[in-house]
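Make a model of the complete structure from these sequences and hints.
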Amino acid sequence: MNMFKALMLVLFCLPQVASAQGWEDYEDAFPALPCPDGWASCVVDGEVVSAGTVTDAAGRVQAAGSRFGFWDFDSLPAQDPFTELSEYSGKMGKSRRYAKDDEASDADRDKRGKKGKNKRDRDKDRDKDRDKDRDKDVDDEREDYVETVDEPAEEIVEEPEEVVEEPEEVVEEPEEVVEEHEEVVEEPEEVVEEVVEETEVAVVEPPSETKDTGAGFVEEPAAEEDDGCDDLVALESAAVLGQLGESRRRCLESELSSSSRLTTQSKISRVLLADARARKDRPDWERLMKRHLQKIDRSDPNMCLSFAIHLSRKGRSHDVIKWSEYALENKSEWSGRDYTKKVYQLHRLRASAAHGLWERAEKKFIEERNDANEAKASRYRARAKTFAREWLDYAKASGQDTTKPSKYCVSASGNTEYCPG
Amino acid sequence: MRIYLAVICAVFSMACAHKSTGEGVPVRVYVLDQVTKDPIPSAVVRHPDEAERHRVNAVSGYWEASVLYLPKAKELIFTPGMPISLEVSAPGYITREIIYDIKRRRNHIPVYLDRIEMDSDVIEDPIIQFDRDKPASDGTVGPAN
Chain A
826 MNMFKALMLV LFCLPQVASA QGWEDYEDAF PALPCPDGWA SCVVDGEVVS
876 AGTVTDAAGR VQAAGSRFGF WDFDSLPAQD PFTELSEYSG KMGKSRRYAK
926 DDEASDADRD KRGKKGKNKR DRDKDRDKDR DKDRDKDVDD EREDYVETVD
976 EPAEEIVEEP EEVVEEPEEV VEEPEEVVEE HEEVVEEPEE VVEEVVEETE
1026 VAVVEPPSET KDTGAGFVEE PAAEEDDGCD DLVALESAAV LGQLGESRRR
1076 CLESELSSSS RLTTQSKISR VLLADARARK DRPDWERLMK RHLQKIDRSD
1126 PNMCLSFAIH LSRKGRSHDV IKWSEYALEN KSEWSGRDYT KKVYQLHRLR
1176 ASAAHGLWER AEKKFIEERN DANEAKASRY RARAKTFARE WLDYAKASGQ
1226 DTTKPSKYCV SASGNTEYCP G
Chain B
130 MRIYLAVICA VFSMACAHKS TGEGVPVRVY VLDQVTKDPI PSAVVRHPDE
180 AERHRVNAVS GYWEASVLYL PKAKELIFTP GMPISLEVSA PGYITREIIY
230 DIKRRRNHIP VYLDRIEMDS DVIEDPIIQF DRDKPASDGT VGPAN
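Residue numbers (the numbering used here), protein chains in the order written: chain A, 826 to 1246; chain B, 130 to 274.
Hints listed in this document are in silico derivations from the structure and should not be mistaken for laboratory results. Just so it is clear, CB atoms sit at the ideal spot from N, CA and C, and this is done for glycine as well. Wrong hints could be hidden among the right ones.
Stated by the list, open to error - The list that follows gives simulated cross-link-like pairs (lysine-lysine, DSS-like), each with its CA atoms no further than 25 Å apart:
id, chain 1, residue 1, chain 2, residue 2
1, A, Lys-1188, A, Lys-1201
2, A, Lys-1120, A, Lys-1139
3, A, Lys-1189, B, Lys-166
4, A, Lys-1229, A, Lys-1188
5, A, Lys-1188, B, Lys-166
6, A, Lys-1147, A, Lys-1120
7, A, Lys-1147, A, Lys-1166
8, A, Lys-1229, B, Lys-166
9, A, Lys-1229, A, Lys-1166
Claimed, not checked - Using C-beta positions, here's what the derived DEER-type ranges look like:
id, chain 1, residue 1, chain 2, residue 2, range
10, A, Glu-1192, B, Ile-227, 23 to 31 Å
11, A, Gln-1119, B, Pro-155, 55 to 63 Å
12, B, Gln-163, A, Arg-1194, 22 to 30 Å
13, A, Arg-1112, B, Gln-163, 34 to 42 Å
14, A, Leu-1087, B, Ile-227, 56 to 64 Å
15, B, Ile-206, A, Ser-1160, 53 to 61 Å
16, B, Tyr-229, A, Asp-1122, 56 to 64 Å
17, A, Asp-1196, B, Tyr-241, 49 to 57 Å
18, B, His-237, A, Ala-1103, 56 to 64 Å
19, A, Leu-1087, B, Gln-163, 48 to 56 Å
Laid out in structure tokens, this is it:
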């Protein structure tokens, strides 16, 4: 029986041996790249795995690339697909290593410290990175570096044979990044020391400009200079608090003047207005609002109303009437309670302003009696009467208080019948 | 007898002459500030049926008349015992209506006006929104879809 089996085996194998051309014809049995990381040869658990065969626990021969045994399904050396790339111990162009190897990196850092960059270069790099570190962007960049290290390694794994010559060049690139990365990692301790030194200097010998304003002044401009003004949404919170700062305001002004789009101008202008309002800088707010309404956009009734209120406080009655009427033109932007309340306010502003103008015209006429002044006083009275009547009508129609509009109306008309309460 | 007749005719003719001129009892209205008690130079007085408004004297602050000319050629002559209604107003003051019974003499009526409180109520400043881009619709509506 045994003889029969041996004979059958010999007969079965003979034709294959006869037609064999080379190892590549038996790739399934003897894979060329058996290692799980794609290399042709590697060390797994202290044993060399290379193109050829391996033996399982029972001593049976298996293909080196097989992950599990054919007979017992036990794991073979090539089982784990996540095995790290085995280190190449042969001679390379330069002595390089990966960032993950912390112990090796410490040794190499010492070497570079002696042989590589001199101190001045390192200081320059440190200064360059210190700003980044201050903004806490270093962490993000560090993650990017890790990604750039990983990527080429994976590419190399997929195409090992073609990379035989290239690895030295390809590997160099990420390692340079790694060098910078390591220096960045090294930074914080030294940066802390330098910041402490700077603050000590500032305390001992403060600049003459900062003496009066205090330490807060020293820090604020530095923070402002770093910030741009492109992201308007991000600036809104600072604007609401009136903390845009001089540099960002200038930046926004230049952006506004350089922009040709009214929508962009409007957005920038609103941020500046919010900042001026929060700072309670009324002249600046008035300038900005006037520019916005006259040159950019006057379709927002809230802005017209706000400007009219501001002007009424300053007693500029003609402008109050003008901007109240612009707001009334766009009152449809409001709705519900907001509508009735604000339209009432606009009528009130307009009637009060007209009444004030009439009062002044009457005084002028009394001081200087002539036909022109009398005609002017009469004209202003008629307008005050009209506006007051419109206010009264709206108050009645919307169910709001008619006391004050009725007073204005009767005062201007001199006739209670014209102004039925 | 002749003397009596002459006196009666004279009195009658005087009465007729007086009536034909339309003159009545003079009524004088002083318009004063309620607080300062000063005359309001820009005040006006008007009868409710009258179209015209009468300015007060800018210095003394009063207006005086004994007859008013109403629409449709009517005259209103002030006579003792007659009630008269007037509207007194001035720019910046609350208008007052008065009804006065005319006396034989010294019809001096002081009218005190209160100022209109211009800014007693503070108007609430509206909130100005930031101008942000509105997100585009999700594309589920419209003729193209």
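Results for each hint:
A C-alpha spacing of about 11 Å is found between Lys-1188 (chain A) and Lys-1201 (chain A), which places the hinted pair at or below 25 Å, so the restraint holds. Note on Lys-1120 (chain A) and Lys-1139 (chain A): the hinted pairing holds, with a Cα-Cα distance of about 22 Å set against a maximum of 25 Å. With a C-alpha separation of about 21 Å, the suggested pairing of Lys-1189 (chain A) with Lys-166 (chain B) holds against the 25 Å cut-off. This hinted pair checks out: Lys-1229 (chain A) and Lys-1188 (chain A) have alpha carbons roughly 23 Å apart, not beyond 25 Å.
A distance of roughly 18 Å separates the Cα atoms of Lys-1188 (chain A) and Lys-166 (chain B); the hinted pair therefore holds under the 25 Å criterion. Under the criterion of a C-alpha separation no larger than 25 Å, the hint pairing Lys-1147 (chain A) with Lys-1120 (chain A) is consistent with the structure, at around 16 Å. Restraint check for Lys-1147 (chain A) and Lys-1166 (chain A): the C-alpha separation of about 19 Å stays at or below 25 Å, so the hint holds. Pair hint Lys-1229 (chain A) plus Lys-166 (chain B) holds up; C-alpha atoms about 23 Å apart against a cutoff of 25 Å.
Between Lys-1229 (chain A) and Lys-1166 (chain A), the direct Cα distance comes to roughly 15 Å. Compliance with the 25 Å bound is thereby established for this hinted pair. At roughly 28 Å, the beta carbons of Glu-1192 (chain A) and Ile-227 (chain B) sit within the given window of 23 to 31 Å. Here the CB-CB span from Gln-1119 (chain A) to Pro-155 (chain B) is close to 57 Å, well matched to the stated 55 to 63 Å. In this structure the hint that Gln-163 (chain B) and Arg-1194 (chain A) lie 22 to 30 Å apart at CB holds, the actual value being about 26 Å.
About 41 Å separates the C-beta atoms of Arg-1112 (chain A) and Gln-163 (chain B), a value consistent with the hinted range of 34 to 42 Å. About 58 Å separates the C-beta atoms of Leu-1087 (chain A) and Ile-227 (chain B), a value consistent with the hinted range of 56 to 64 Å. Separation of Ile-206 (chain B) from Ser-1160 (chain A) is about 58 Å and conforms to the stated range, judged on CB atoms against 53 to 61 Å. For Tyr-229 (chain B) paired with Asp-1122 (chain A), a C-beta distance near 57 Å keeps the hint of 56 to 64 Å intact.
Judged by the Cβ atoms, the range 49 to 57 Å given for Asp-1196 (chain A) and Tyr-241 (chain B) is violated: they are separated by roughly 32 Å. The beta-carbon spacing between His-237 (chain B) and Ala-1103 (chain A), approximately 59 Å, falls within the hinted interval of 56 to 64 Å. Between Leu-1087 (chain A) and Gln-163 (chain B) the Cβ separation comes to about 52 Å, which falls inside the hinted range of 48 to 56 Å.
Hint compliance for this structure: hint 17 is the single one not met.
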